[in-house]
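Q: Can you build the whole structure from these sequences, using the hints too?
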Amino acid sequence: MKTFFNTLAFAFLFILVTSFTIRTDNKTVRYKFKTIVIDAGHGGKDNGANRGWAIEKNITLAIALKLGKYIEENFPDVKVIFTRKTDTFVDLSERAEIANRNKADLFISIHCNSNDSGAPYGTETYAFGVDSRTSNEKMEVAKRENSVILLEDNYAKKYDGFDPNSAEAYIIFSLYQNKNLAKSLNLASKIESEFEDSDSRYSRGVKQERFLVLRYTNMPAILIETGFVSNREEGRYLATDSGQDEVAGSIYRAFKKYKSELEIAN
Numbered sequence: 055m056k057t058f059f060n061t062l063a064f065a066f067l068f069i070l071v072t073s074f075t076i077r078t079d080n081k082t083v084r085y086k087f088k089t090i091v092i093d094a095g096h097g098g099k100d101n102g103a104n105r106g107w108a109i110e111k112n113i114t115l116a117i118a119l120k121l122g123k124y125i126e127e128n129f130p131d132v133k134v135i136f137t138r139k140t141d142t143f144v145d146l147s148e149r150a151e152i153a154n155r156n157k158a159d160l161f162i163s164i165h166c167n168s169n170d171s172g173a174p175y176g177t178e179t180y181a182f183g184v185d186s187r188t189s190n191e192k193m194e195v196a197k198r199e200n201s202v203i204l205l206e207d208n209y210a211k212k213y214d215g216f217d218p219n220s221a222e223a224y225i226i227f228s229l230y231q232n233k234n235l236a237k238s239l240n241l242a243s244k245i246e247s248e249f250e251d252s253d254s255r256y257s258r259g260v261k262q263e264r265f266l267v268l269r270y271t272n273m274p275a276i277l278i279e280t281g282f283v284s285n286r287e288e289g290r291y292l293a294t295d296s297g298q299d300e301v302a303g304s305i306y307r308a309f310k311k312y313k314s315e316l317e318i319a320n
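Residue numbering for the sequence shown follows this note's numbering, beginning at 55 and increasing consecutively.
Hints are supplied without guarantee of correctness; some may be wrong.
Derived DMTMM-like pairs (lysine to aspartate or glutamate); straight-line CA-CA distance at most 25 Å [unchecked claim]: (1) 120 to 295; (2) 310 to 251; (3) 310 to 131; (4) 123 to 141; (5) 310 to 127; (6) 313 to 159; (7) 88 to 148; (8) 120 to 159; (9) 157 to 127; (10) 313 to 131; (11) 310 to 126; (12) 86 to 131; (13) 123 to 148; (14) 139 to 127; (15) 313 to 127; (16) 120 to 151; (17) 237 to 317; (18) 123 to 295; (19) 313 to 299; (20) 86 to 315; (21) 133 to 151; (22) 139 to 159; (23) 120 to 251; (24) 237 to 131; (25) 120 to 131; (26) 120 to 253; (27) 123 to 317; (28) 120 to 145; (29) 88 to 151; (30) 311 to 159; (31) 86 to 126; (32) 157 to 145; (33) 311 to 127.
Beta-carbon label-pair distances, calculated as ranges [as the list claims (entries may be wrong)]: (34) 252 to 320: 24 to 32 Å; (35) 154 to 85: 17 to 25 Å; (36) 154 to 86: 17 to 25 Å; (37) 318 to 99: 37 to 45 Å.
For the record, the hints were derived by calculation from the structure and aren't laboratory data.
Glycine included, each C-beta is placed from N, C-alpha and C at the ideal position.
A: Below, the structure is given as structure tokens:
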């Protein structure tokens, strides 16, 4: 009997803590999306992927600002926070902390992909995690995006000795569980669908990988690879104002659907 009441008490506590719908004075307070943090990847001394026709840090900043403007204009009640609004360098840990300090409902990190051959093209959207489809190619993407910490001061201490170029270091990541994974994957899927259906882009799919910038966030979080700057045609597209606007528009439409679903469901 004691075990039964302990179980019942735990179940009640779980429901109380995790529910988005709260009753106060006979009134139902429903979940309301309040804050989004938009992260323009790289910046400052970190160019990211760099080709003669396109530089990643410039592309990600332009897309981030356009996305933020769409949200601010259409959802004035949503607070939009940028990890950077200019060509500045921001530590990966600080990008995540900006979202955590502001108790953001969502974190979106915007990036561009790259490949030595120059042939691959298309979009990918990642959530933090490990799945059965982990491949050497995906590992290389994670290593490239995480290697930015080498430009940070005292990175070994800050990231508990993590080596972004060590395959063994990534094994440890498989022990972590992302409580927000389902929501992150839901938004990621919507974004890839928008890229494919609205913009006629080639979608390489929704994936899971161990990106540091996603690991340290306390809310649903995704990292978008908006295309390959190493591919001359796609890189030039991403470097244009119209291309950046199209990408930002697709992400915005996916966000709008995600926000609506979340608020209706709760």
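Q: If a hint holds in the structure, say so; if it doesn't, say that too.
A: Evaluation of the provided hints:
A hinted pair counts as satisfied when its Cα atoms are at most 25 Å apart, and residue 120 with residue 295 qualifies at roughly 10 Å. This hinted pair checks out: residue 310 and residue 251 have alpha carbons roughly 16 Å apart, not beyond 25 Å. Proposed proximity of residue 310 and residue 131 is supported: the alpha carbons are some 13 Å apart, at most 25 Å. Among the hinted pairs, residue 123 with residue 141 is consistent with the structure: their alpha-carbon atoms are about 18 Å apart, no more than 25 Å.
With a C-alpha separation of about 12 Å, the suggested pair residue 310 and residue 127 falls inside the 25 Å cut-off, and the hint holds. At roughly 10 Å between alpha-carbon atoms, residue 313 and residue 159 fall within 25 Å of each other, so this suggested pair holds. With a C-alpha separation of about 21 Å, the suggested pairing of residue 88 with residue 148 holds against the 25 Å cut-off. Between the alpha carbons of residue 120 and residue 159 the distance comes to roughly 19 Å, so the proposed pair stays at or under 25 Å and holds.
Between the alpha carbons of residue 157 and residue 127 the distance comes to roughly 22 Å, so the proposed pair stays at or under 25 Å and holds. As the CA atoms of residue 313 and residue 131 are separated by approximately 12 Å, the hinted pair is consistent with the 25 Å bound. At roughly 12 Å between alpha-carbon atoms, residue 310 and residue 126 fall within 25 Å of each other, so this suggested pair holds. The suggested pairing of residue 86 with residue 131 holds, with an alpha-carbon distance near 10 Å, which does not exceed 25 Å.
As the CA atoms of residue 123 and residue 148 are separated by approximately 23 Å, the hinted pair is consistent with the 25 Å bound. Proposed proximity of residue 139 and residue 127 is supported: the alpha carbons are some 17 Å apart, at most 25 Å. For the hint pairing residue 313 with residue 127, the CA-to-CA distance comes to about 15 Å; that is within 25 Å, so the pair holds. Between the alpha carbons of residue 120 and residue 151 the distance comes to roughly 23 Å, so the proposed pair stays at or under 25 Å and holds.
Annotation: proposed proximity of residue 237 to residue 317 holds, straight-line Cα distance about 13 Å (limit 25 Å). For the hint linking residue 123 to residue 295, the alpha-carbon distance of about 14 Å falls within 25 Å, and the restraint holds. Between residue 313 and residue 299, the direct Cα distance comes to roughly 21 Å. Compliance with the 25 Å bound is thereby established for this hinted pair. Note on residue 86 and residue 315: the hinted pairing holds, with a Cα-Cα distance of about 11 Å set against a maximum of 25 Å.
A C-alpha spacing of about 16 Å is found between residue 133 and residue 151, which places the hinted pair at or below 25 Å, so the restraint holds. Simply put, residue 139 and residue 159 have alpha-carbon atoms about 20 Å apart, close enough for the 25 Å limit, and the pair holds. For the given pair, residue 120 sits about 20 Å from residue 251 by alpha-carbon distance, which is consistent with the 25 Å threshold. Pair hint residue 237 plus residue 131 holds up; C-alpha atoms about 21 Å apart against a cutoff of 25 Å.
With a C-alpha separation of about 18 Å, the suggested pairing of residue 120 with residue 131 holds against the 25 Å cut-off. At roughly 16 Å between alpha-carbon atoms, residue 120 and residue 253 fall within 25 Å of each other, so this suggested pair holds. Simply put, residue 123 and residue 317 have alpha-carbon atoms about 21 Å apart, close enough for the 25 Å limit, and the pair holds. Between residue 120 and residue 145 the CA atoms are separated by roughly 22 Å; this keeps the pair inside 25 Å, and the hint holds.
At most 25 Å may separate the alpha-carbon atoms for a hinted pair to count; residue 88 and residue 151 meet this at roughly 17 Å. Between residue 311 and residue 159 the CA atoms are separated by roughly 15 Å; this keeps the pair inside 25 Å, and the hint holds. For the proposed pair residue 86 and residue 126, the alpha carbon gap of about 16 Å is at most 25 Å, so the pair holds. Restraint check for residue 157 and residue 145: the C-alpha separation of about 19 Å stays at or below 25 Å, so the hint holds.
A threshold of 25 Å between alpha carbons decides the hint, and for residue 311 with residue 127 the separation of about 16 Å falls inside it, so the pair holds. At about 27 Å, the beta-carbon gap between residue 252 and residue 320 stays in the expected band of 24 to 32 Å. Checking the proposed 17 to 25 Å range against residue 154 and residue 85 shows it holds: the Cβ atoms sit about 19 Å from each other. For the pair residue 154 and residue 86, the beta carbons lie near 19 Å from each other, so the given range of 17 to 25 Å is met.
For residue 318 and residue 99, the hinted distance range of 37 to 45 Å is satisfied, since their beta carbons lie about 44 Å from each other.
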